[in-house]
Amino acid sequence: MFDSLIDLLPEFWKAAFETLYIVGLTLFFGGLGGLIVGLGLYLTRAGSILANRGVFGVLNVLVNTIRPIPFIIFLAAVQPLTRAVVGTGIGNNAMIFTIALAAMFAMARIVEQNLLTVTPGVIEAARSVGAGPVRIIFTVLLPEALGPLILGFTFIFVALVDMSAVAGYVGGGGLGAFALLYGWRQFDPVVTWAAVLLIIVFVQLVQFLGNWLARKALRR
Amino acid sequence: MSAPTPLVELRNVSKVYPATVKGAPDVTAIDDVSLTIDAGDVYGIIGYSGAGKSTLVRLVNVLERSTAGEIFIDGRDVARLPERELRPVRLGIGMIFQQFNLLNSRTVARNVAYPLEVAGRDKPGRATRVAEMLDFVGLADKAGAYPDQLSGGQKQRVGIARALATSPAILLADEATSALDPETTHEVLDLLGRVNKEFGVTIIVITHEMDVIQTLATKVAVMDQGRVIERGDVFDVFSNPQQAASAKFVSTVVKGVPSAPELAVLRARHRGRIVTLGFRDDSVDQSQVFGDLSRDGVAFQVVYGGINEIQGRPFGHLTLALTGEDATIDAALDRVRAFTTVTEVR
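Quick note, the sequences are listed as chains D and G, same order.
Its first residue numbered 1, the first sequence is counted upward by one per residue in the UniProt record's numbering.
Its first residue numbered 1, the second sequence is counted upward by one per residue in the UniProt record's numbering.
Think of the hints as simulated: they come from the structure by calculation, not from any bench.
Careful, some of the hints might be misleading.
Claimed, not checked - Result set (SDA-like, lysine to any residue): computed pairs, CA atoms no more than 20 Å apart in a straight line:
| no. | chain 1 | residue 1 | chain 2 | residue 2 |
| --- | --- | --- | --- | --- |
| 1 | D | Lys216 | G | Tyr146 |
| 2 | D | Lys216 | G | Thr107 |
| 3 | G | Lys123 | D | Leu218 |
| 4 | G | Lys123 | D | Arg135 |
| 5 | G | Lys255 | G | Gly138 |
| 6 | D | Lys216 | G | Arg110 |
| 7 | G | Lys142 | D | Phe138 |
| 8 | D | Lys216 | G | Lys255 |
| 9 | G | Lys142 | D | Arg135 |
Stated by the list, open to error - Counterexamples of contact, computed for chain G against chain D with all Cβ distances above 12 Å:
| no. | residue |
| --- | --- |
| 10 | Ala24 |
| 11 | Asp26 |
| 12 | Asp148 |
| 13 | Gly200 |
| 14 | Asp233 |
| 15 | Glu262 |
| 16 | Leu333 |
To be verified - Here's a subset of chain D near chain G, in silico, CB distances under 10 Å, partners left out:
| no. | residue |
| --- | --- |
| 17 | Glu11 |
| 18 | Lys14 |
| 19 | Arg109 |
| 20 | Ser128 |
| 21 | Gly130 |
| 22 | Gly132 |
| 23 | Pro133 |
| 24 | Gly147 |
| 25 | Arg215 |
| 26 | Ala217 |
None of the values given here were measured: they were computed from a predicted structure.
Each residue gets a CB set at the ideal place from its N, CA and C atoms; glycine is no exception.
Could you build the full structure based on these sequences and the hints that come with them?
Dropping the structure here:
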């Protein structure tokens with residue numbers, strides 16, 4: 001019963017690599033974008049150090065609009081934008097752009113919430129010694145919220161693996177496409193389960209790493 | 001010699017927060033406050049929560065913007081300075097907080113180094129100064145510890161070391177001991193006293209605890225509903241408060257004149273006439289007062305009150321129950337009136 005899986009091993013490892021490639025790049029770009037938008041939300045909210053009702057309002061509505069759209073619909077809806085930016089609406093790179101975009105807005109909310117755990121008094125203390133906004137971001141906000149931020153990125157990693165599995169629908173690769181193509185369509189549950197198992201291993205490893213890093217950051 | 005420029009001067013300062021709900025009235029947190037603080041003062045600002053003291057102290061380093069008035073720091077009006085120009089001003093004004101507000105992601109040493117980084121000091125310069133400051137607050141052995149490994153008193157000492165790292169002329173203490181137990185409070189107050197005496201740092205102390213004022217301050221302003229209702233030397237305000245709110249604060253640490261219900265209890269328990277004598281400064285010789293009373297055969301008992309000392313000057317009230325013939329008592333009281341204020345409570 002493992003014959004077909006053994007025959008498919010080269011494709012299996014290729015798909016595994018593609019998943020890591022897609023997830024890795026989307027985590028980087030989506031994470032970075034999420035950090036920036038999340039910081040924007042945090043800094044411009046009322047009472048914060050760069051309070052600006054207009055900017056906050058725009059960011060807030062944008063995040064609230066994009067976040068609830070189911071990913072498979074989002075994928076189709078932003079395809080014109082994807083084509084304009086990446087040059088094509090299908091394949092791994094188009095997929096990376098779309099996932100990073102969706103992840104950015106999801107991550108923005110997580111970043112904002114994590115930054116809100118930083119005691120306002122600590123920021124006030126930094127202001128009282130003459131620190132400006134940029135210095136406060138890099139020496140107070142991000143270091144003080146590092147532990148929760150790491151856990152937030154770990155959380156979003158799982159969501160990225162989930163989103164990347166849909167890549168098969170738009171001609172992308174990865175374990176999701178592999179499971180659909182060789183498992184589901186060939187009525188071969190062993191192949192499907194092999195893909196599922198590897199995804200579980202990935203997620204477990206990353207969650208473990210994230211917990212460990214967060215613990216180090218929080219010194220607990 | 002002309003009068004020295006005050007180090008901190010507030011002239012007709014107000015802070016009004018616009019209403020958060022449409023149609024609601026604006027909130028006046030600070031209402032036309034003028035205050036002069038000279039170099040070397042330990043200036044206490046006391047009031048109940050909501051009186052505006054925390055807002056007032058934040059106007060001094062412009063963490064909050066006043067909506068009217070002028071705020072002079074060393075002769076320069078800082079109230080309308082743009083944020084960027086305020087940063088060097090703030091390096092000259094240290095601040096410590098009720099909740100300490102240390103950076104948990106940094107060690108004790110790196111917390112103390114923080115304002116030095118902002119000031120642009122080089123690394124060796126920072127290390128020397130951090131060592132000096134930790135030595136001063138007695139935490140040299142905790143340089144590598146993180147704030148969550150310290151007790152409350154130790155955290156506040158780190159806060160003090162951090163606030164003074166850039167050698168500011170002014171230290172703002174916002175309820176700096178309110179989160180500490182009484183013993184630790186006195187350790188921290190002692191340390192602040194040394195900061196004032198050894199470094200000549202002018203300290204503005206915000207508190208709702210009168211004993212903080214009693215231990216540390218030389219001058220005091222009493223705040224109520226955004227206004228300064230009374231101010232002066234701590235001794236004067238303590239020994240002779242003019243406003244009801246001030247008297248209430250003084251009564252939390254000084255047992256003075258018995259209140260009406262307390263008096264009723266005293267009257268039920270003691271025979272004779274009840275008289276309160278006021279003592280203030282060394283002009284009152286207690287032994288003479290008591291000598292005069294007993295010489296005429298008036299028997300007395302101290303039933304209420306106490307004598308306190310602020311900056312080496314004694315003051316207080318003693319309530320006595322006097323027994324004897326009325327005429328003798330009157331004569332005796334007349335004689336002691338020369339040294340002390342006598343209030344007979346009937």
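Now the hints, each set against the structure:
{"no.": "1", "hint": "D:Lys216 to G:Tyr146", "result": "13 Å, holds"}
{"no.": "2", "hint": "D:Lys216 to G:Thr107", "result": "14 Å, holds"}
{"no.": "3", "hint": "G:Lys123 to D:Leu218", "result": "26 Å, violated"}
{"no.": "4", "hint": "G:Lys123 to D:Arg135", "result": "17 Å, holds"}
{"no.": "5", "hint": "G:Lys255 to G:Gly138", "result": "35 Å, violated"}
{"no.": "6", "hint": "D:Lys216 to G:Arg110", "result": "18 Å, holds"}
{"no.": "7", "hint": "G:Lys142 to D:Phe138", "result": "25 Å, violated"}
{"no.": "8", "hint": "D:Lys216 to G:Lys255", "result": "54 Å, violated"}
{"no.": "9", "hint": "G:Lys142 to D:Arg135", "result": "26 Å, violated"}
{"no.": "10", "hint": "Ala24", "result": "16 Å, holds"}
{"no.": "11", "hint": "Asp26", "result": "17 Å, holds"}
{"no.": "12", "hint": "Asp148", "result": "8 Å, violated"}
{"no.": "13", "hint": "Gly200", "result": "20 Å, holds"}
{"no.": "14", "hint": "Asp233", "result": "29 Å, holds"}
{"no.": "15", "hint": "Glu262", "result": "41 Å, holds"}
{"no.": "16", "hint": "Leu333", "result": "56 Å, holds"}
{"no.": "17", "hint": "Glu11", "result": "45 Å, violated"}
{"no.": "18", "hint": "Lys14", "result": "42 Å, violated"}
{"no.": "19", "hint": "Arg109", "result": "23 Å, violated"}
{"no.": "20", "hint": "Ser128", "result": "4 Å, holds"}
{"no.": "21", "hint": "Gly130", "result": "4 Å, holds"}
{"no.": "22", "hint": "Gly132", "result": "6 Å, holds"}
{"no.": "23", "hint": "Pro133", "result": "9 Å, holds"}
{"no.": "24", "hint": "Gly147", "result": "9 Å, holds"}
{"no.": "25", "hint": "Arg215", "result": "14 Å, violated"}
{"no.": "26", "hint": "Ala217", "result": "8 Å, holds"}
In summary, the numbered hints that this structure violates are 3, 5, 7, 8, 9, 12, 17, 18, 19, 25.
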